Structure formats: structure tokens, C-alpha cells
Amino acid sequence: MNLRKILKNGFLILLASLVLTACATQKKTTGQLQGDVYTGKDSVEYLASGVPDRVFFATNETVLTTASRETLRKQAAWLRKNSKITVVLEGHADERGTREYNLAIGERRANSAKDYLMTHGISSDRISVLSYGKERPVDSGSNPLAWSKNRRSVTVKAN
Amino acid sequence: MIFRYIILFLILLPLKVFAVIEVDITRGNLSPLPVAVSPLSIDKDSKEEFKKILKKDNIGSEISKVVENNLKQSGLFNPLDKDAFLQKPDIANLKPRFEDWNLIKAQALITGKVTFVDEKLRVEFRLWDVLAGKEMMALAFTTVPSNWRRVGHIITDKVYERLTGEKGYFDTRIIYVAEEGPKTKRIKKLAIMDQDGFNNKFLTLGNELVLTPRFSPTNQMVTYLSYFRNLPRVYLLDIETGMQEVVGDFPGMTFAPRFSPDGKKIIMSFAKDGNSDIYTMDLENRIVERITNYPSIDTSPSYSPDGKYICFNSDRSGYQQIYVMSSNGKNVKRISFGTGIYGTPVWSPRGDLIAFTKLHKGKFYIGVMRADGTGERLLTENFYQEAPSWSPNGRVLIFYRETKTNSKGEGFSAKLWSIDLTGYNEKMVKTKTDASDPSWSSLLSN
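Those sequence lines, one after another, are chains A and B. FYI, the working numbering numbers position 125 of the first sequence as 366, with every residue one higher than the one before it. FYI, the working numbering numbers position 170 of the second sequence as 179, with every residue one higher than the one before it.
These are computed hints drawn from the structure, not numbers from a lab. Values in this document were obtained by computation on a predicted structure and should not be read as measured data. Some hints could be false.
To give a feel for the contact side, a few chain B residues facing chain A, derived at Cβ under 10 Å [as the list claims (entries may be wrong)]:
1) Lys194
2) Leu234
3) Phe237
4) Ser416
5) Gly420
Calculated Cβ distances over 10 Å to all of chain B for the following chain A residues [to be verified]:
6) Ser290
7) Glu311
8) Arg321
9) Asn323
10) Lys325
Heads up, the beta-carbon is just placed ideally off N, CA and C, and yes, glycines get one too.
Sequences are here, hints too, so could you generate the full structure?
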């Protein structure tokens with residue numbers, strides 16, 4: 242609980258500083274975090290037009306947000322259309338956790354995504370899961386925005 | 010191969026001496042014991058022989074430098090400047106003039122002699138109590154010349170044991186993960202080195218990600234996590250032969266491995282369908298046993314030294330906490346109740362304490378608590394640090410620490426650090442590359 246408070250305070254400071262630098266760097270930086278879940282487009286790639294490859298998570302959380310479920314429904318639709326494609330769901334954590342626990346939480350995040358794809362008609366045979374824990378961040382920064390981009394599950398084409 | 014050739018001969022048992030010096034290692038030692046390490050004396054012929062083999066001008070002084078550095082690093086001893094020594098090494102080893110050593114305020118004196126005998130290195134050394142004017146210990150042993158650094162470590166272990174009453178930790182090695190490259194594409198290799206950072210050797214090439222190596226109590230084997238073929242699995246590696254094998258046949262990721270205290274089992278986590286539980290595999294009969302069965306993350310298991318209990322990390326209460334259970338998985342009990350979240354519990358080889366990593370208000374701590382969860386004590390605080398590993402005598406912890414990067418993601422580093430159980434003597438352990446996930450071996454010789 243304390244942790245959350247700290248992170249929230251951290252975000253206020255972060256958001257404030259982003260607002261200050263916003264004009265120089267990005268268009269709509271204040272819209273990049275909801276709670277502490279990343280909602281921006283930076284680092285996101287596309288499996289097909291309009292089908293983002295990744296979903297983001299809150300600190301210590303493995304549940305899917307509304308936005309994540311929308312992304313995964315698009316992925317499921319794309320997979321249904323392309324029935325020969327198999328995917329690996331790569332689960333990741335931010336650097337603010339112990340290595341072994343992060344491996345487990347990465348696995349759990351990828352499985353949250355897998356379960357959702359399965360409930361939308363994708364066979365588990367077509368989905369494998371791989372956790373990288375905190376070993377492969379996309380953003381090497383040590384700040385809440387960087388950490389939010391790193392807490393993710395990425396759907397990668399396997400064939 | 011390196012371990013094999015040490016033969017210890019006890020030539021003189023310490024007589025009953027009433028030593029006035031002793032070192033208390035149970036509290037932070039703010040006034041380390043002044044000790045004079047006289048260079049080991051060496052005759053001319055031996056000197057030449059060793060020079061040929063080892064390319065060292067004077068192997069006697071080289072060995073005493075190893076001892077001196079060990080004593081200094083321990084924080085318990087203050088090795089005195091050799092320039093102040095009045096007596097020559099060979100004469101000091103026969104009969105020290107205690108007044109001379111007293112004059113430079115040495116309380117303990119180490120002398121010795123090294124000779125070349127039958128292609129081998131023979132060393133004898135003595136520990137003297139300067140104030141009482143008495144010999145405290147005398148030992149001799151023979152080994153292959155290439156083991157000369159180990160000779161220095163063994164001497165230190167004997168001196169440490171005589172003066173503190175507890176086994177040393179100097180003739181040991183550290184296995185760790187050597188790191189290079191940008192944070193987003195880090196290259197990681199298994200590496201091994203002597204406890205003092207010398208004889209560093211890489212054990213893998215860096216083609217695949219490797220994590221969390223841990224020594225077997227028998228020292229020849231290491232268990233670790235490798236992403237070979239992008240399948241994260243627990244492996245077993247024989248350091249001497251280089252042979253590797255996957256541990257068990259699990260349909261998914263296995264991780265967080267450690268040996269049982271008898272070296273016969275590996276305990277680890279197996280993750281499937283978003284749930285991580287703890288399993289063991291017997292290395293002889295390959296029988297796999299499930300130890301926990303709970304819909305939460307159960308990981309980082311570590312046995313008590315008697316093998317009867319396991320401490321582990323679980324988020325079954327909602328956040329990461331430390332639990333203890335019987336080795337069959339029964340009688341699970343949460344032991345961490347302080348503020349913050351707790352991870353990486355590891356049982357002290359002495360059995361009384363569990364070291365851990367704690368995250369509280371955005372800071373990471375290395376701490377210890379008793380096995381029942383009482384007496385929590387935080388030893389060090391930083392931006393990021395984790396994964397303590399105990400010295401074999403349970404007096405020192407080694408762990409790794411990462412630095413914060415700036416807004417551009419620059420300035421990252423990962424280094425090994427050690428700290429005494431007392432919370433004193435915190436220092437960086439020098440490595441050529443960045444380093445993480447250290448594991449301390451047990452004593453190579455006894």
C-alpha cells in the first residue's frame with residue numbers, strides 16, 4: 242500500500258516534469274500513464290495494421306486493463322484470420338523487483354494475455370509463453386515512465 | 010582439478026598458550042587488530058625455481074601479500090606497513106624478537122618459510138602472540154606451485170580461525186554472472202573467481218542468457234538458469250569438466266534453483282499457467298517431488314543447513330513475503346511481518362538467521378532475521394540491491410547492487426558488494442566486468 246502511495250507521488254512529480262518538457266519532446270505526454278499503466282505508443286509495434294503487439298500492466302499486477310483487453314481482442318481477431326500463425330507471448334517485469342520473483346510475474350503476465358486470447362477462440366496450441374522477468378527492458382531508464390513501458394506482455398510471431 | 014592437490018600436514022599442535030589476543034567477530038570491529046605479516050622467507054635456490062615456474066620474483070612475499078590483503082579486507086585486522094619491520098623474515102620465523110614487533114604496535118605476528126621440494130611448494134608458517142611472547146600456532150603443508158594463491162588463503166583461514174574461534178572463508182570462490190552491453194540487450198556469462206577477485210574465468214560464452222548460478226556444497230557442481238534455445242530451464246554444470254545437463258523434464262520454465270545442504274537434491278520453482286510452485290529433484294534417482302501447491306507465486310526456496318526446513322518467497326498474502334515450511338511442504342508459516350515487501354530469503358549456514366532483500370518506500374535493503382521472523386535487522390540501503398549469499402562461516406554476505414540510470418538511460422552499472430553481518434565493512438568486490446547474482450562456495454579445503 243505504501244509502495245503505491247510512493248509511486249503515485251512519484252507520478253505526480255513525473256507528470257509535472259513531463260508537462261514542463263512536453264512541448265519540446267512529445268505531443269501528449271500527460272496521456273501516457275493511467276494510474277501507473279502505460280497507455281502511450283512509444284515502443285509499441287504492430288502485428289498488422291491496427292493490431293498492437295503488446296499490453297501493459299500496473300506495478301505488481303498481472304490483471305489486464307480495459308485497454309489491454311481491447312488490444313488482445315484485436316490480436317485474437319487477427320489470429321483467427323491468419324489461422325496458420327503461432328505466437329509466443331513474452332512476459333516482462335520492471336527493474337524494481339527481485340530477479341526470481343520477476344521471472345514468475347513475467348510468466349503470469351504472459352499467461353493473463355494467453356488466457357484472454359483463448360477465451361476469444363485461439364487454441365492454446367498456437368500460443369506459447371516465455372518470461373524474461375526484468376532481463377529485457379525496452380526502456381533502460383530508471384523512472385516510473387520507463388518502468389511502465391517495461392511491465393508488458395508482447396505477442397511475437399513464432400513462424 | 011584445482012582443489013585436489015592440497016595436502017595438509019600438521020607438524021605442531023598448538024600448545025596450551027594463554028593468548029591475550031582474540032578478535033570478537035560478533036560486533037562491528039571499529040579498531041581492527043594490528044598484525045604484522047612478515048614476508049615468507051625463501052632460500053636462494055627455491056626462489057630461482059619458483060621464478061622459473063611462476064614468473065614471480067619472490068613467491069614468499071607474493072604469498073604474504075595474499076594473506077595481508079585478506080586480513081585487511083576482513084575488516085577485523087590491520088596489517089602493518091612492512092617498511093617498519095625491523096627483523097628479517099628468516100630470523101623472525103625462527104625466533105621473533107618480540108620487543109621489536111611490540112615497538113611497532115603489532116599484537117599478532119605471522120612468519121613463515123617457503124621451499125621448493127620435489128617439484129612442489131612446501132610452506133610452513135607460525136602465528137605469534139607478540140604481547141605474551143608466545144607461539145600460537147604452527148602449520149606446514151605441501152601443494153603444487155600453481156596453487157600459491159590458495160596457500161595464502163589457507164594461511165589466512167588458519168589465522169582467522171585461531172584468532173576469532175570460527176572457521177574462515179578465504180579459501181573459497183565466488184560464482185557470479187558477468188554482464189556487458191546496454192541494459193536492453195545485456196550479455197550475461199557465468200564467471201568464477203577466487204574470493205579476492207583473482208583467477209577470474211568465464212564458464213559460458215554469452216550466447217544465451219544465464220542467471221542465478223549457485224554452488225553445490227560439494228563445490229564441483231553449479232546449478233543455474235539458462236535460456237538455451239530460448240527455453241528458460243534449470244541446468245546443472247560440472248565446473249571441472251564443463252559438462253551440463255537440464256534438471257528434470259518440466260513442460261515449462263524452471264528457475265530459482267539451489268542445492269540441498271547434502272548436495273543431493275535441487276530445489277527450484279516451476280512455472281505453469283501463471284502459477285509458480287516449488288519442486289525438488291533428486292540428482293541420483295531423478296525423482297521429482299512437488300513441495301508447494303498453491304495458486305500464488307512460490308519461489309526463491311532455500312534449505313536450512315540441517316535440511317529439515319525450507320524458507321521461500323510467496324505472494325499468497327497479496328505481496329511478496331517470506332515463509333518457512335517443513336522440507337515436505339507441510340506447516341507453512343509466514344515469518345516476515347515488517348513494512349514493505351520481502352524477497353530472496355537465504356538460510357545462513359549457521360542455521361540461526363535468514364538473509365533477505367526488502368523493498369520499502371522505493372529503497373532496497375539487505376537484511377537478516379531469525380528463522381522465526383523475529384529480530385529483523387537491515388544492514389544496508391540503496392537504490393537497488395538484492396540476492397545476498399552467505400560466506401561459508403555465516404559472517405559475511407555478498408550481494409549485487411545496480412545504479413540508477415539518468416533520463417537517457419545512461420549510467421547503469423551492476424557490481425558485487427560484501428558486508429559483514431554486523432552491518433560494518435561494506436565494500437565493493439572488484440570485477441573486470443559488471444557483475445550480479447553472486448554465490449559463495451564453501452571452503453575448498455579444511
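Of all the hints numbered above, which does this structure not satisfy? Sort the numbers upward. Going through the list in order, the structure violates hint 3 alone and respects the others.
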